[in-house]
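Chains R and D are the protein sequences, given in the same order.
Quick note, in the numbering used here, the first sequence goes up one by one and the last residue is 113.
Quick note, in the numbering used here, the second sequence goes up one by one and the last residue is 112.
Worth flagging that the hints you see were computed from the coordinates, not collected in a lab.
Every residue gets a Cβ at the ideal spot worked out from N, C-alpha and C, and that includes glycine.
Among the hints, a few may not be true.
Claimed, not checked - Non-contacting residues of chain D with respect to chain R, defined by C-beta distances greater than 10 Å in every case (computed): (1) 41; (2) 42; (3) 46; (4) 60; (5) 61; (6) 68; (7) 72; (8) 110; (9) 112.
As the list claims (entries may be wrong) - Partner residues aside, some chain R positions facing chain D, computed with beta carbon under 8 Å: (10) 43; (11) 45; (12) 60; (13) 61; (14) 62; (15) 63; (16) 102; (17) 104; (18) 105; (19) 106.
As the list claims (entries may be wrong) - The list that follows gives simulated cross-link-like pairs (lysine to aspartate or glutamate, EDC-like), each with its CA atoms no further than 20 Å apart: (20) 99/D <-> 62/R; (21) 70/R <-> 38/R; (22) 60/D <-> 76/D; (23) 99/D <-> 59/R; (24) 99/D <-> 30/R; (25) 99/D <-> 17/R; (26) 99/D <-> 2/D; (27) 99/D <-> 51/R; (28) 107/D <-> 8/D; (29) 99/D <-> 38/R; (30) 3/R <-> 42/D; (31) 107/D <-> 38/R; (32) 77/D <-> 16/D; (33) 56/D <-> 101/R; (34) 60/D <-> 38/R.
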Amino acid sequence: DVKVTQSSRYLVKRTGEKVFLECVQDMDHENMFWYRQDPGLGLRLIYFSYDVKMKEKGDIPEGYSVSREKKERFSLILESASTNQTSMYLCASSRGQGAVEQYFGPGTRLTVT
Amino acid sequence: GDSVTQMEGPVTLSEEAFLTINCTYTATGYPSLFWYVQYPGEGLQLLLKATKADDKGSNKGFEATYRKETTSFHLEKGSVQVSDSAVYFCALYSGGYQKVTFGTGTKLQVIP
Numbered sequence: 001d002v003k004v005t006q007s008s009r010y011l012v013k014r015t016g017e018k019v020f021l022e023c024v025q026d027m028d029h030e031n032m033f034w035y036r037q038d039p040g041l042g043l044r045l046i047y048f049s050y051d052v053k054m055k056e057k058g059d060i061p062e063g064y065s066v067s068r069e070k071k072e073r074f075s076l077i078l079e080s081a082s083t084n085q086t087s088m089y090l091c092a093s094s095r096g097q098g099a100v101e102q103y104f105g106p107g108t109r110l111t112v113t
Numbered sequence: 001g002d003s004v005t006q007m008e009g010p011v012t013l014s015e016e017a018f019l020t021i022n023c024t025y026t027a028t029g030y031p032s033l034f035w036y037v038q039y040p041g042e043g044l045q046l047l048l049k050a051t052k053a054d055d056k057g058s059n060k061g062f063e064a065t066y067r068k069e070t071t072s073f074h075l076e077k078g079s080v081q082v083s084d085s086a087v088y089f090c091a092l093y094s095g096g097y098q099k100v101t102f103g104t105g106t107k108l109q110v111i112p
């Protein structure tokens, strides 16, 4: 079974803190993604990566950065957390090209106070 | 750009009722279409997909048909169960580096 794990299920941080969200997949997938999920807005893509050290901006990259130093790991970084970044963050991975399935982690509920 | 529009929820049904969740899309070219499901406390998982016009995706009693003429991919199930209570997302992929566009999700609650 494909497994995508995220470092925390719940996280509470203060405004201005630097926040790291970690994601690891165990199926040697080329592609990895970070989304945020908000009520009424669905899933919005923050960043994705199609190879080690490669990254592409999604629809809402402002205030975020990412790192992919190893194929299995994709990190989302909030350089200076703000209250409007309170959200559910979902990581996903997929193989290769084409209309393939994305496999999701369980999500990290981040609250910024 | 690409977009997906889903019917607003929540949808509340009694057990064994017929389910339809509407989904329409706007995309360039010929996208592939998906339904994902998110059970409480979990990430999304693929429910079914269709990659070309008139294809029917099916899984776990759910079905959806890719209708190019109406740009729709409505999700149906003949008899829902309490265990189907979840949030359902319609999504499309129209090529390139795996960028998938998701709808806003429709919450389904099935009551005994």
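Just to be careful: measuring from the Cβ of residue 43/R to every Cβ in chain D, is the smallest value less than 8 Å?
Holds. Min distance 4 Å.
Compute the least Cβ-Cβ separation between residue 41/D and chain R, then decide whether it is above 10 Å.
Its Cβ does come within 10 Å of chain R, the nearest being 7 Å, so this is violated.
When you check the alpha-carbon spacing of residue 60/D and residue 38/R, does it fall within 20 Å?
violated, 27 Å
At a threshold of 8 Å, is the proposed contact between residue 106/R and chain D supported by beta-carbon distances?
The hint holds - residue 106/R has a Cβ within 8 Å of chain D, the shortest such distance being about 5 Å.
Holds or violated: is there a CB of chain D closer than 8 Å to the CB of residue 60/R?
violated, 13 Å
Straight-line alpha-carbon gap residue 99/D to residue 38/R, limit 20 Å:
holds, 19 Å
At a threshold of 8 Å, is the proposed contact between residue 61/R and chain D supported by beta-carbon distances?
violated, 13 Å
Please verify that the nearest CB of chain R lies beyond 10 Å from residue 68/D's CB.
holds, 15 Å
Given the hinted pair residue 99/D and residue 59/R, is their alpha-carbon gap at most 20 Å?
Within the cut-off at roughly 10 Å; holds.
Holds or violated: are the alpha carbons of residue 107/D and residue 38/R at most 20 Å from each other?
Given that 20 Å is the threshold and the Cα spacing comes to 13 Å, the pair holds.
Given hint residue 17/R paired with residue 99/D - CA-CA distance at most 20 Å
Status violated; Cα separation ~30 Å.
Is the nearest CB of chain R more than 10 Å from the CB of residue 112/D?
It holds; residue 112/D is separated from chain R by about 26 Å at its closest Cβ, greater than 10 Å.
Of the numbered hints listed earlier, those contradicted by the structure are 1, 2, 3, 12, 13, 14, 15, 21, 25 and 34.
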